[in-house]
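Q: Here is what each chain is made of, one letter per residue.
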Amino acid sequence: MAKFHKQKSEGAPGINTASLPDIVFMLLFFFMVTTTIRKASLKVQLVLPFASEIQKIEKKSLVSYIYVGPPIKSLQSLYGTEPRIQLNDAFAKLDDLREFVIKERQKHDEKEVPMMTWSLKVDKDTKMGVVTDIKQKMRDMNALKIMYSAKKATGTASF
Amino acid sequence: MADIAFLLLIFFIIATTMDVDRGILRRLPPPLPPDVEKPPPIKERNVFQVLINANNQLMVEGELLDIRNLKNKTKEFIANPADNEDLPEKKPPQNIDLIGIYKVSKGVISLQNDRGTAYGMYLQVQNELTTAYRELRDDFSMQKFGKKYSELDKNHSKAIQEAIPMVISEAEPKNIAGMGKP
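If you're matching them up, the sequences are chains A and B in order. To convert, note that position 113 of the first sequence is 113 in our numbering; the numbers rise steadily by one, no gaps. Every number in our numbering is 1000 more than the matching position in the second sequence, counting from 1.
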């Protein structure tokens, strides 16, 4: 009567999964920290122009976005194909910019207001008329720090 | 436990947007008070006129120009190493910290576009102008401090900025072609 069975030696032993939760948690925390949940769903088609002299914004929390472009396909029957301004989650008129600037400023500390950056995300085929009107409005509101959002290109991109 | 963590993990992976916002930073001129006097006119030789029309054509100093040549032309204008009569004057020598006596150029770039100009074209011109300034600053910085402009610390880069100030003035757009009305 053998008390000891011979252990099966066929096949590789299973991987030890004891440390799996640790790894998963680590990844989880990484993604939780890096996530910035997109606030606005885009209602305009955006093809950003290319530029080589681009800079990153240091403080992401101080950036507000202004989108300009033709409405997306599913909204074109309603709004046509002319470029429109989108602020937050809705289409806006030029006059709404004023309110938008005031509201965005209220979100921040008074000291931070001069450091706020306004990122203009404009479709590259938009006519400058709209953009100029926005710039004039921003000037009137004393919101002077703007950024023309662009994609990274090396050298002179062909337009 | 691991299941819940996995679930959360997948949620955050999907919700993550990794795109960083990049672009060309600009400072708009502050609004003018209504009762301000008109500034004295700038001499013609000190102005580098860049016009973009509604067909996205570029006119520089009265001549049609390909965008690829804009950068070099701008650099030539601002630097004016030979003190050419047609190119901008220099201010009287002044003392700049860390650099010493230097004659700052009086050159101003005047950028004007039509309301019908495409934004892509406008941004490309802005990009070329920025490149021109950046390269000039890089060269000057290399010569003075042996480093690129972007690698300098705050005081040194401030000195360079003072020696080669970026002056791009944007005029109100014209509506010559009658296109792109708001």
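One thing to keep in mind: the hints can contain errors.
Only pairs whose alpha carbons sit at most 27 angstroms apart, straight line, appear in this in silico BS3-like list of lysine-lysine [what the hints assert, rightly or not]: (1) B:K1075 x A:K145; (2) A:K111 x B:K1073; (3) A:K152 x B:K1075; (4) A:K152 x B:K1106; (5) A:K60 x B:K1144; (6) B:K1148 x A:K151.
To be clear, the hints were calculated from the coordinates, so they are not data collected in a lab. Nothing here was measured: the structure is a model prediction, and the numbers come from that model.
Q: Now tell me if each hint is right for this structure.
A: Against the structure, the hints come out as follows:
1. At most 27 angstroms may separate the alpha-carbon atoms for a hinted pair to count; B:K1075 and A:K145 meet this at roughly 25 angstroms.
2. Note on A:K111 and B:K1073: the hinted pairing is violated, with a Cα-Cα distance of about 41 angstroms set against a maximum of 27 angstroms.
3. Taken as a hint, the A:K152 and B:K1075 pair is honoured in the structure, with Cα atoms around 23 angstroms apart against an allowance of 27 angstroms.
4. Taking the CA atoms of A:K152 and B:K1106, the gap is about 32 angstroms. The hint is violated against a cut of 27 angstroms.
5. For the proposed pair A:K60 and B:K1144, the alpha carbon gap of about 34 angstroms is over 27 angstroms, so the pair is violated.
6. Distance hint between B:K1148 and A:K151 is fulfilled; the C-alpha atoms sit about 23 angstroms from each other, no more than 27 angstroms.
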